[in-house]
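So the sequence lines, in the order shown, correspond to chains A and B.
Going by the numbering used here, the first residue of the first sequence is number 1, and it counts up by one from there.
Going by the numbering used here, the first residue of the second sequence is number 1001, and it counts up by one from there.
Mixed in with the good hints, there may be bad ones.
[What the hints assert, rightly or not] Pair by pair, the computed Cβ-Cβ distance ranges are:
1) L93/A to V1055/B: 48 to 56 Å
2) G1035/B to P231/A: 34 to 42 Å
3) S1440/B to A164/A: 27 to 35 Å
4) T1364/B to I177/A: 46 to 54 Å
5) N309/A to S1440/B: 16 to 24 Å
6) Q1117/B to Q184/A: 42 to 50 Å
7) E1115/B to D252/A: 54 to 62 Å
8) R1246/B to S116/A: 30 to 38 Å
9) G1257/B to I98/A: 19 to 27 Å
10) D79/A to T1248/B: 19 to 27 Å
11) G1035/B to N273/A: 47 to 55 Å
By construction, these hints were calculated from the structure, which means they are not laboratory data.
Using N, Cα and C, we set each Cβ at its ideal position, and we do this for glycine too.
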Amino acid sequence: MKVLNDQVFSSVESIQQGFKDVEYICSKHIATTLYVAYNLEKPVLVEGPAGVGKTDLAQRAAAVLHLPLIRLQCYEGLDESKAIYEWKYGKQLLYTQILKDKLKDIIKGTNSLAESIKALHKYDDIFFSYEFLEPRPLLMALQQSGGAVLLIDEVDKADEEFEAFLLEALSDFQVSIPEIGTIQAECKPFVFLTSNNTKELSDALKRRCLHLFIPFPNAKMEREIIQIRVPEVSERLRRQLVAFIQQVRKLDIKKMPSISETIDWARVLLVLNAEKLDVETVKETLHVFLKFQEDIGVVKEHLPEMTSNAVKEGGE
Amino acid sequence: MEQVLHDFISSLRSFGVRISTSESIDAFRAAELVGYEDREILKTSLSAALAKTAVEEEKFNECFALFFSFNSFPDNETEHILRADSQHPVSPLTRMLISQSHAELMASLMEAVEEAQTNEIKFFTQKGLYTHRILSHMGIDGLDRDIRLFRQENTPGSIQQAVQLQEARDRLFENVRGFVEREHDLYARAPTEDMMERYLKNAKLGELEKSDYDRMYVIVRKMAKRLSDIYSRRMRSFRRGHLDARKTLRKNMAYEGIPFDIKWKKKKIDRPDVIVICDVSRSVATVVRFFLLLVYSLNKAIIKTRSFIFCSNIIEASSVFDDYPVQEAVAKLQTGTGLDIELGSTDYGRAFLDFRKNWLDAVTRKTSVIILGDARNNYGDPQTATLSLIRKRSKRVIWLNPESRAFWGTGDSEMKKYLPYCNIARECNTLSHLERAIDSLL
Chain A
1 MKVLNDQVFS SVESIQQGFK DVEYICSKHI ATTLYVAYNL EKPVLVEGPA
51 GVGKTDLAQR AAAVLHLPLI RLQCYEGLDE SKAIYEWKYG KQLLYTQILK
101 DKLKDIIKGT NSLAESIKAL HKYDDIFFSY EFLEPRPLLM ALQQSGGAVL
151 LIDEVDKADE EFEAFLLEAL SDFQVSIPEI GTIQAECKPF VFLTSNNTKE
201 LSDALKRRCL HLFIPFPNAK MEREIIQIRV PEVSERLRRQ LVAFIQQVRK
251 LDIKKMPSIS ETIDWARVLL VLNAEKLDVE TVKETLHVFL KFQEDIGVVK
301 EHLPEMTSNA VKEGGE
Chain B
1001 MEQVLHDFIS SLRSFGVRIS TSESIDAFRA AELVGYEDRE ILKTSLSAAL
1051 AKTAVEEEKF NECFALFFSF NSFPDNETEH ILRADSQHPV SPLTRMLISQ
1101 SHAELMASLM EAVEEAQTNE IKFFTQKGLY THRILSHMGI DGLDRDIRLF
1151 RQENTPGSIQ QAVQLQEARD RLFENVRGFV EREHDLYARA PTEDMMERYL
1201 KNAKLGELEK SDYDRMYVIV RKMAKRLSDI YSRRMRSFRR GHLDARKTLR
1251 KNMAYEGIPF DIKWKKKKID RPDVIVICDV SRSVATVVRF FLLLVYSLNK
1301 AIIKTRSFIF CSNIIEASSV FDDYPVQEAV AKLQTGTGLD IELGSTDYGR
1351 AFLDFRKNWL DAVTRKTSVI ILGDARNNYG DPQTATLSLI RKRSKRVIWL
1401 NPESRAFWGT GDSEMKKYLP YCNIARECNT LSHLERAIDS LL
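The following block holds chain B by itself, in its conformation from the complex (with noise of 0.2 Å):
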């Protein structure tokens, strides 16, 4: 039973719950506390010492009923009697067959998994292989050969029993294809995952497929817990700091000298406070759908952010982000329903000048902008001097172009223009990209 909780763990590991050796450790007390006699309660056990949150409570539950679910070779239902009557020595597995001994079966096929070792199966791909390793060593060779031998009979009998046989044959190979299947599942997640959340840290934002989105939704919520986590500490040293013996010394001369209150050294850090200004056309639509998720996402206790979006003209967009859930306001943006944004030609001058006409009193000199485009300004007035005053008002200003660098100033870009007034201005056209810039904001 140790072998199967052992397994049961690390299948439990590719379903993407982080087991320690000390919750496996608890997980093996645990189950020889209760007994496994109670399938409820050593569930609830194992749950308890091995999933720690409720995402992973979930995955424990899936994992545990794919598990426990593949304990006996499927009966098939054939009414058929194989019969033994045969002038040919037949090879095990046939023998296996036409007695239809399940339980012999059985432990020919764990032997089998044993030899092939599916458990180390890590692409969808060598499902193939494991099913023939196993099949192989089963002994389907022998098994061929003896249908084949007795289609070479002709007699009805033989015929008979070769046309059985087959279908035996074909059932045998649907169990064990079965079985790789679930053990590919169990056991083959995790890498498979992680190869997926590698590639699409680094694909072009813009060729994502909308089958996607939802495993990025994950990897951005990760990235923004890590951000999250790295700045609430930052935010701690502030808080301890050194002691600064000459601000102690002179607040304690009233107290001859004896140090009463003492008086810290103490590093300030601003939570940073954001404008991010998107362009909402179509050309930028998935980068700023995923950077804005990436902002709401940190907590709103770092980062302080009030959002703009323009397309033809400039709206303000943070009330939209305090109403509904970060998901649902992204993609309420990049339709436009309910708000009141054209979507015609995009026109950087203009949304430059009204950001600059209603609401220039929000840049203080904290304020980080950040301006999310490819500057193509359909050869429009590109108000570089509005772009200058922003930035002069302002802490800095961050250009991030999801055009790759050679692109900028070709056609009727006009980032060669702008790049004078913006104190950082970067390609951003993957996930890594948007960490990046979000990092070097806090």
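Same shape as in the complex, but just chain A (with noise of 0.2 Å):
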């Protein structure tokens, strides 16, 4: 992997500076694996839980060394027509039809059927070329010529049998095509694989990635994250809005707030001109965070003592 910012990726703590200078905060754990995975030019399979910036940390590599982000979405029922190249039919069919006349000069002059498919034969595999591929993500994050970042996004929702397409371009960044060959990746691209953990994900993919398991983030990190995404929200606010949020996460509900709602419920309190946190406040607020009906019951139940408690928390 050769690439214009490298020097970043040279040590745990330059990765950690450049993440923060792309406004992710990312912890020490989060830092070191991704500086291994880049020195020994393997895929790093992400999990966590929903929300905790899985997607967001394959973009903000792509940022820090200003490489172009290539994205496949996974889902079910994805194949390799749609992750890896697709022969371009209709360009195909539209230049036999132009070339007809041109094939008739080209067996002008044969006298026997066997000729004329000895004359085709010298002009084989003209149509399977790489004029008629189309390159999908995976192919075209192959074909990147200064590197790339590839995001593989939720491989848990594709079906096994992608799962056994992936395996190949992951260990020897190459994919196969029978009519042309294998073609092998110009520069390697740095691979995110995300995955939310719905399905158990095959061993043999698993082997060849590196392993990176993102939690949610505890008090200290998350302010920094509000600070530097959020700068307009005041210390106090910031404190007291986190020690909520972490609250809510040891309640027992159906859909953990995630960081990304964290953010939005700062920016929400921001609009508002919020001061500090309230029970009101909260309580007309709570659906920017909570998006079950039942949760927001859950939440609304312990409301005061909550409130109280990360009001103290974060310092009147």
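Mind docking these for me? Both chains are given alone in their own frames, and the hints should help you get the complex.
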């Protein structure tokens, strides 16, 4: 992987700093894993609950490295024609029509069927060459001469067959196309795979990746994130709202508030000109970070004490 | 350092983390890259390369802490300074203890460990053996002889010397034993776990200790995953199929026979639709427990289950599984708390009658009905006609009986009478039996 902004990945600390410059706070754990993955040229399999910034990590990595981000969103039924490559059927048909006369010229001088086929064979693979190849994300990532960041998002949503296709691409950074042959990466892309663990991934796939688990951040880290993303929020409010969210995550609810939702909440409070948390404000803005009616019910039950706890923790 | 990493990986394997060769190569490269200076960074890098799931990460942390804990000879806080003034030429081990040179002791221990090959320890019963091997290699015999000689000298100085040496010997013994214990924890887990698993799979469920349950749950979960995997592969063959030439031709007549719209031969596999009727009286309780655990651990997409439990009367228990996690639900059924069930004497006849009255509609041509029970009806009316009716409506009736075949039909067992109305009747009292039963369903 030869890239412009290579020196960022020369040590764990510089990675942390580099990501901070693009507004992403990454813990030492994340930074170390990225450091190892980048230098060993290994894909990273990122796991963790929804909304902890798994996808964002890849996007920011592309920003840090000044590389294009190529994204492949996985879903059930995704196949190689959508992920790796496809032939431009339309173009092939069109060309055969246009070139009909040309074909006549080619077989003009021949006397028998066998001979004309022989003549045609000279131009055998012309319709199955690079010109007629439509690269999809995986192939595209391998073809980037300057390198790229390849994000394979929610790989657990794809079928088992697709995982099998990935194996070749991830371990050898190459793609086999029967009509052309094997295409090697010009420059190995930096690969991120994310998974929400809806399905156990195959061992073969895991073996080819480094594993990174991102949990919900602790209060200190979450405060840092809010500070860098919504700097207008006052120190006191920041402490209070993070303390509140941290309490909510301890409750037994259907969907935990994610980091992006904490950020949204901070923005909403900012718009509402809230100076500090109070029961009324929280009650009216609960739906910003809670997406199920039942969850809102659960939180409402404990609202007064949670708010006072958060206010206490955040400092008056 | 390479050897250390090697040992670490093999001990990680014995903790039950599966590590392939390519992963260990990654680990080596990662360690080479980040160096050994920063413990946290090293740990993170190794963990990224070796531990690939949350469970494995937990094991990794445990193993890492254990493995890198023992790196120096524990200080013995003795304040007495052993006197070296003695007429006897003392053995090297005695000299090391007298001079309290930890480095030398450590080196000697490591050498002895290498010689004794403690990393091949397999069973906890071997701990004594390995301890002895290490000690004798370090020269414990010489030490013992010296202690004896000091005693025989019988001067106050030499007696004191002997006492102190004895104390030092005890400490040494403790240390070596502790070391062997750690080696055992590091290296001997996998074989023991394997053995336990094999044993538990074939152990009679009724005779299991409560303490084994946790391990059983793990095995059940593994089985469920395996079955799910096999089945999802079968589903796939349904999706692919072969080209159906006849259908394709017929369909494409309209396009002058050019095959635009291609039809595939499809093999349809139904999602098994299962109704489980379980006797929860004490005699079959454990088998039912693990059976339900296995059924409900299977992916919901793969098997559709409704469950009924009965003792004196019958109730539907499916909702319990919707409301609680599987393990909890199973425990709940066992005690019958919060459920409308009478835990009196078992009445198969009444259970079948009630089932017919209330839920017979649920049985369709696609349904497999599984009955789990010992058919001990306390001499009541067996209601074989009802069972026959259930069988006629269903795809098949499978009876799993925890008693072995020889006991069927003895005493108040009505198994012989029920037998003609079952498509399959099996003895079922170990996990392996359960696995086979589920397998035949899918």
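Starting from the range 27 to 35 Å, see whether the pair S1440/B and A164/A falls in it by beta-carbon distance. holds (29 Å)
Would you say the C-beta atoms of Q1117/B and Q184/A sit inside 42 to 50 Å of each other? holds (46 Å)
Can the suggested window of 47 to 55 Å be confirmed for the beta-carbon pair G1035/B and N273/A? With a Cβ separation near 51 Å, G1035/B and N273/A satisfy 47 to 55 Å, so the hint holds.
Note whether the CB distance of G1035/B and P231/A lies within 34 to 42 Å or breaks it. Cβ of G1035/B to Cβ of P231/A: about 36 Å, so the range 34 to 42 Å holds.
Range hint compliance [Cβ, N309/A to S1440/B, 16 to 24 Å]: violated (55 Å)
Taking the CB of T1364/B and the CB of I177/A, does the distance hold inside 46 to 54 Å? holds (48 Å)
Beta-carbon spacing of E1115/B to D252/A - inside the hinted bounds 54 to 62 Å or not: holds (56 Å)
Confirm or reject the claim that R1246/B and S116/A have a C-beta distance inside 30 to 38 Å. With a Cβ separation near 34 Å, R1246/B and S116/A satisfy 30 to 38 Å, so the hint holds.
Note whether the CB distance of D79/A and T1248/B lies within 19 to 27 Å or breaks it. Roughly 21 Å apart at Cβ, these two residues keep to the hinted range, so it holds.
Quick check on a hinted range of 19 to 27 Å for G1257/B and I98/A, using CB atoms only. Since G1257/B and I98/A have Cβ atoms about 26 Å apart, the given range 19 to 27 Å holds.
Given a hint of 48 to 56 Å, does the C-beta separation of L93/A and V1055/B actually sit inside it? Because 53 Å falls inside the window, the suggested range holds.
Against the hints set out earlier in the document, a violation occurs for number 5 only.
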